[in-house]
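*Asks:* Sequence:
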Amino acid sequence: MQLADFDFDLPKTLIAARPAQPRDHARMLDLTAPETFDRHVYALPECLRPGDLLISNDTKVIPARLRGKRGLAKVEVTLHKQEDSASWRAFARPARKLSPGDSVTFAPEFSAEVVEKGEAGEVLLRFCRSGPDLFAALDAHGEMPLPPYIPREAGADPQDTEDYQTLFAQKQGAVAAPTAGLHFTERLLQDLQARGIRQTTVTLHVGAGTFLPVKVDNIAAHRMHSEWGEISTQTAQAIAETRQAGGRIMAIGTTSLRLLESAARPDGAVPAWSGETDIFITPGYRFKAVDMLLTNFHLPKSTLFMLVCAFAGMARMKQAYAHAIASDYRFFSYGDCCLLTRAKE
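Just so we're aligned: the sequence shown equals residues 1 to 345 in our numbering.
Simulated from the structure, these hints should not be mistaken for laboratory data. Treat each hint with caution, since some may be false.
[To be verified] 27 Å max Cα-Cα, derived DSS-like pairs, lysine-lysine:
1. Lys171 to Lys215
2. Lys215 to Lys117
3. Lys69 to Lys97
4. Lys12 to Lys301
5. Lys12 to Lys74
6. Lys215 to Lys301
7. Lys97 to Lys117
8. Lys318 to Lys288
9. Lys318 to Lys215
10. Lys12 to Lys318
11. Lys318 to Lys344
12. Lys288 to Lys301
13. Lys215 to Lys12
14. Lys60 to Lys97
15. Lys60 to Lys171
16. Lys12 to Lys69
17. Lys97 to Lys215
Required output: the full structure, derived from the provided sequences and hints.
*Replies:* Take a look at the structure:
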């Protein structure tokens, strides 16, 4: 398939600059029936059945954007993948000012050495701190790594520190939020539980590669950045019990879905699992583990729009996005969402 197959016109006025308040008052386009329904996220319990299982991503976004200097030259880096307790791969701007062996200073007693320099502005940084000390330094000197389409002239502000973190966030390591999880509140979780809907989590440390554009016309030639994920024994057991009882598996966001599909066996069983995944889901993919998906509205020509087209059907999603644009739904990370069921094969 060609990249142009996934293009559409989106007015810039529909790109959300702030999330809905309360979070569960975001709009939700319900596509679980042949008809299309305009709802809000707080109506999610009535769209599900007792015995369904919701799986969210419990990764926690770190302040992964750093502003520093190499000598007198200003440098901005955005971490995107941890290599060890002191080393991260990062995107640097302007990368031309950096070479292996250079030192970048972010604050007194907080610096990093450039170990490698790759393509497209990527560098490998080894920090002067490691483990918890490094995360503490990031908390003190870093910024929340908002995606480039959220307009902030001075970068992320204190409100973003709260807004760009989900209710499920527990395990540090993401440099982008699993944004479907941003819609959840404690009250919504209580309503879901009262409805008899079970909840569990997985971990996928989302990388900044999720925002990189697809630069090839033939999408089969695109390569995803790998990300680390984990499915616990408890979550695998909850999935098996739900399947046995006839319940449905619903992924909260594309990150949860990609991890579940990475681990799933051909028969749909999902074992406990951990490791790297660079799964790239496009139309024609046969889904094995996930029955339903709650997800935000994605960028034109993005890998995430390709994923939802694969999940619910390309014609269905193009019609849904046209409806969302005509109805002034809010797009991208801080925007509204849609509820999907897997297309019949």
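*Asks:* Run every hint past the structure and note whether it holds.
*Replies:* Hints versus structure:
no. : hint             : in the structure
1   : Lys171 to Lys215 : violated, 32 Å
2   : Lys215 to Lys117 : holds, 21 Å
3   : Lys69 to Lys97   : holds, 10 Å
4   : Lys12 to Lys301  : holds, 15 Å
5   : Lys12 to Lys74   : violated, 30 Å
6   : Lys215 to Lys301 : holds, 10 Å
7   : Lys97 to Lys117  : holds, 11 Å
8   : Lys318 to Lys288 : holds, 23 Å
9   : Lys318 to Lys215 : holds, 21 Å
10  : Lys12 to Lys318  : holds, 18 Å
11  : Lys318 to Lys344 : holds, 17 Å
12  : Lys288 to Lys301 : holds, 25 Å
13  : Lys215 to Lys12  : holds, 22 Å
14  : Lys60 to Lys97   : violated, 31 Å
15  : Lys60 to Lys171  : holds, 5 Å
16  : Lys12 to Lys69   : violated, 33 Å
17  : Lys97 to Lys215  : holds, 24 Å
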